[in-house]
Amino acid sequence: MKASLLLLQAGIAVLGAPLVSGFIRKVKNALRMRQGASLGQPYYNIAKYMAKEEVVSEATSWIFRWTPSIVLGSTVAALMFVPVFSFSLSAPGMGDVLTLFFLFSLGRFFLALAGLDTGSAFGGMGSSREMFIASFVEPVAILSVAVVAGHSASPQGGLMACSMGMSFSGMVAAAALFMVVLAETSRIPVDNQETHLELTMIHEAMLLEYSGPSLAMLETAAHTKQLIWFSLLGAILWPWPVGSSAALSDIAAAAAFFVLKIVLCAVIVGLTEVSLAKMRLFRVADFLGLAFLFSVLALVISGLGY
Amino acid sequence: MFFLSQNSRWCFDLLALFFLGVIALVSLPSFLFSAGYLRAQFSRGRSLLATGLTVFFVLSMAAVVASANLIFFLFAWEFMSLVSYFLVVFEHEHEASVKAGMIYLVMTHVGTAFLLAAFLLMHAQAGTWDFEGIRAAAPAFTPALKNILFGLFLVGFGMKAGIVPLHIWLPYAHPQAPAPVSSIMSGAMIKVAIYGLLRFIAGMLGVPPVWWGNVILVAAGISCLVGVIYALMEHDIKKLLAYHSVENIGIILLGIGAGMVFWSWGWGVLAAAAFAAGLYHTVNHAVFKGLLFLCSGSIQVATGTRDIEKLGGLIKRMPQTAASFLVGAMAISALPPLSGFVSEWLIFQVFFVGLRDASSGGKLFFAGMMACLALTSALAAACFVKAFGVAFLAMPRGRAAAEAREASLSMRSAMIFLAALTVALGLGAGLVWKMFCAVAASFLEPPASAWSGLLSGSWDLIRFPGTDACLRTPMIMLALGAGIAAVYLFVRLTARKRVMTAGRTWDCGYYRLDHRTEYTATAFSKPFRIAFSFFLLPYRKTEKIRDSFYHVKEFTYETATTPIFKRYLYDPMVRGLFKLAQYVKGFQMGSIHWYLAYIFVTILILVVIFGRP
Chain A
1 MKASLLLLQA
11 GIAVLGAPLV
21 SGFIRKVKNA
31 LRMRQGASLG
41 QPYYNIAKYM
51 AKEEVVSEAT
61 SWIFRWTPSI
71 VLGSTVAALM
81 FVPVFSFSLS
91 APGMGDVLTL
101 FFLFSLGRFF
111 LALAGLDTGS
121 AFGGMGSSRE
131 MFIASFVEPV
141 AILSVAVVAG
151 HSASPQGGLM
161 ACSMGMSFSG
171 MVAAAALFMV
181 VLAETSRIPV
191 DNQETHLELT
201 MIHEAMLLEY
211 SGPSLAMLET
221 AAHTKQLIWF
231 SLLGAILWPW
241 PVGSSAALSD
251 IAAAAAFFVL
261 KIVLCAVIVG
271 LTEVSLAKMR
281 LFRVADFLGL
291 AFLFSVLALV
301 ISGLGY
Chain B
1 MFFLSQNSRW
11 CFDLLALFFL
21 GVIALVSLPS
31 FLFSAGYLRA
41 QFSRGRSLLA
51 TGLTVFFVLS
61 MAAVVASANL
71 IFFLFAWEFM
81 SLVSYFLVVF
91 EHEHEASVKA
101 GMIYLVMTHV
111 GTAFLLAAFL
121 LMHAQAGTWD
131 FEGIRAAAPA
141 FTPALKNILF
151 GLFLVGFGMK
161 AGIVPLHIWL
171 PYAHPQAPAP
181 VSSIMSGAMI
191 KVAIYGLLRF
201 IAGMLGVPPV
211 WWGNVILVAA
221 GISCLVGVIY
231 ALMEHDIKKL
241 LAYHSVENIG
251 IILLGIGAGM
261 VFWSWGWGVL
271 AAAAFAAGLY
281 HTVNHAVFKG
291 LLFLCSGSIQ
301 VATGTRDIEK
311 LGGLIKRMPQ
321 TAASFLVGAM
331 AISALPPLSG
341 FVSEWLIFQV
351 FFVGLRDASS
361 GGKLFFAGMM
371 ACLALTSALA
381 AACFVKAFGV
391 AFLAMPRGRA
401 AAEAREASLS
411 MRSAMIFLAA
421 LTVALGLGAG
431 LVWKMFCAVA
441 ASFLEPPASA
451 WSGLLSGSWD
461 LIRFPGTDAC
471 LRTPMIMLAL
481 GAGIAAVYLF
491 VRLTARKRVM
501 TAGRTWDCGY
511 YRLDHRTEYT
521 ATAFSKPFRI
531 AFSFFLLPYR
541 KTEKIRDSFY
551 HVKEFTYETA
561 TTPIFKRYLY
571 DPMVRGLFKL
581 AQYVKGFQMG
591 SIHWYLAYIF
601 VTILILVVIF
611 GRP
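Quick note, the sequences are listed as chains A and B, same order.
The first sequence begins at 1 in my numbering and counts up one residue at a time.
The second sequence begins at 1 in my numbering and counts up one residue at a time.
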């Protein structure tokens, strides 16, 4: 029962994830007083890629061909370790939030390798920058989740991807985590999804040589990863309903609340993107350094008992 | 030699057996590898010499670990150091080998001197050379003596383990030895130093004061970061791996240091679990670093170079070496579900419990350590993307790489065996963890009631004490495999035209891209070089030769980083030493009359002081 619900949840999450990206675009366009593409545009893109043929560079190896499957597969596997709709539907004794982060690392590792595999300078540049930013993201992500878990969990609580109630330290940690989310979902001020300018692109540079179904897989993976980060943020900042049962009515209520949280996240991300400019690559280290300070601050606050 | 026969006592407790196992796990595949490697690199006679020396090297390491007597330990230790010195200078026709050997020889003897001092102090207090006797006498040592012993052991063994700033010999010496020997040195020999730390500090001196653990943790954190940052800057594949050894020794010591802190706080079960996490990483590092060094040997045989900037595209020419290297690289980058992920997960749990349950200052300290480990593992992943991507992927950057051939059967089987072991140590984590917990418990003796709960549970489950977190690597593997398979099949079935056309990499419409336009390792590591410039102090040298004002005929560009430990710590020390020698030279004028006079004066003084009735 629980296993099938988990699979269902994973399926819905993967299918629904592009909608979140479409919604963020819509929010941004509304703020810029533009009409913009429809909500379903990410779906149309994926469908378009699926119908196209694929050009693979002669310079590449099996790493390049298998990377889309590995990236999307590991992202789907990561869905098992984060509470998406309901808290009862996560981490069935397999691991904790570290497993989630390291599954992301796995996908990133292969994506960066694929960027180098084409022999194009763009790909290499993207890989280098992605790994550079990831190395500052990881300490902040792990530390802020640890602070929340250490503050609110039961005395025996582990590093789980959710808190047990709202707290002041949790909010500060969520601020740090929000900055991480901006970096991890290739958002302004760290990266810019809307451009293919070699000076600025990071995530897109690694994907530059992909086409057809492979590109569709990688885009789906990016949408899903974004949804996972938003869920994590929601589960840490505003956990509700806590410890609910696996009964269908409870899950439905939790799912409705979840949708509300994701919408809120998307609006905030859209607002941030519109109101900030992209940073120079080396300023990103400072940006994430600030996020690290926030997570340390959260720890201090949690030490004071708030 | 009578004292050797008198003092040769052996001890095969769990700790010794554990490290004997580590030595065997690395050495046996390395011997298998060296059969093919030495034949390809050296003449028959020299191969035989190398094999003989390696046998003695491995036996001396085993003797260190299995000895139960200070004198015997010291002899085996010194034997190990000397044989490994001969292996470092094995290719003595290269200037670099001789220089590396010199640095190694000096450093290792300074380390031995510290150990000797510690052993003499222990003997003076306990009146015996036997481990058992000293262990029994140790509780009566004064705290001051214990502190002195701790310091001596930390420097003595830290020199061999490569703790920063005592690491300086490691990136010189490990790469110069033949690859199977580098594999044993990095996989096993530096672990013998970890054995020494565990045996003498944790196993003899009893419950430590909290600052010992703190000192180890800080040293470990610095070693992690310094090791991995230098590794990122390095393009010689073996030097890169050697710097990663510094990093991984740091990670091992993070576990052990946290264990000492917990132990002094009286958290028995958690202390044992932290030690077990450190031991787990010890085995993992031995296996995957052994594997990676063997792969680097295979590359060296195939291409004749260790510089990754001259490689590229090897994955097509050497598929099995590439796959083995990839497994090693993934494990060292802590990617699930391989071995490195499990041990780093465990050490993260250790720090998490510290962060959750410690009082105010301790919370921040453990948070710092946690961030340090996270940064390290992310940087290690970046470094191995660089190493694997530049060496194995895309187009070859030279003829040597373009014409490389896959390694011989003995070399391949050794690499594949270690790669399989890396996977097994990840998937069988539940079983392995319980075994290592038993090893840690054998010298820590945690309260049995709380301890037994830790060892229960099914074979695939890791349960960490103090948290409800658990880890099932086979299930993660299953989720991952199922996810990848589902995605692959879905796209296979639904994509209307899954036609793959071979094309060229997009060249912006200019000209056909070749290896000169590929991203290099130097370029890949540039963001890191800039972000850590406060520590690396990079500099560049450009030279333009002009025909005229408008036309530059030649342009050379060189970039490098400043080795700060060498320049600001060791060079002044060496200069000081030479200065001292200059003063001493004043006494040594080369005239035998003066020397006779010295002897006469010395005897006179001795008679005056000691000669009275």
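Each hint should be verified, as a subset may be incorrect.
Unchecked claim - Simulated coverage check for chain A against chain B, where a stretch passes if three residues somewhere in it have a Cβ under 8 Å from a Cβ of chain B:
| id | region |
| --- | --- |
| 1 | 71 to 81 |
| 2 | 167 to 175 |
| 3 | 279 to 286 |
Note that these hints are calculated values from the structure, not bench results.
Every residue gets a Cβ at the ideal spot worked out from N, C-alpha and C, and that includes glycine.
Tell me the numbers of any earlier hints that the structure contravenes, in ascending order.
Hint 2 is the one this structure does not satisfy, whereas the remaining hints hold.
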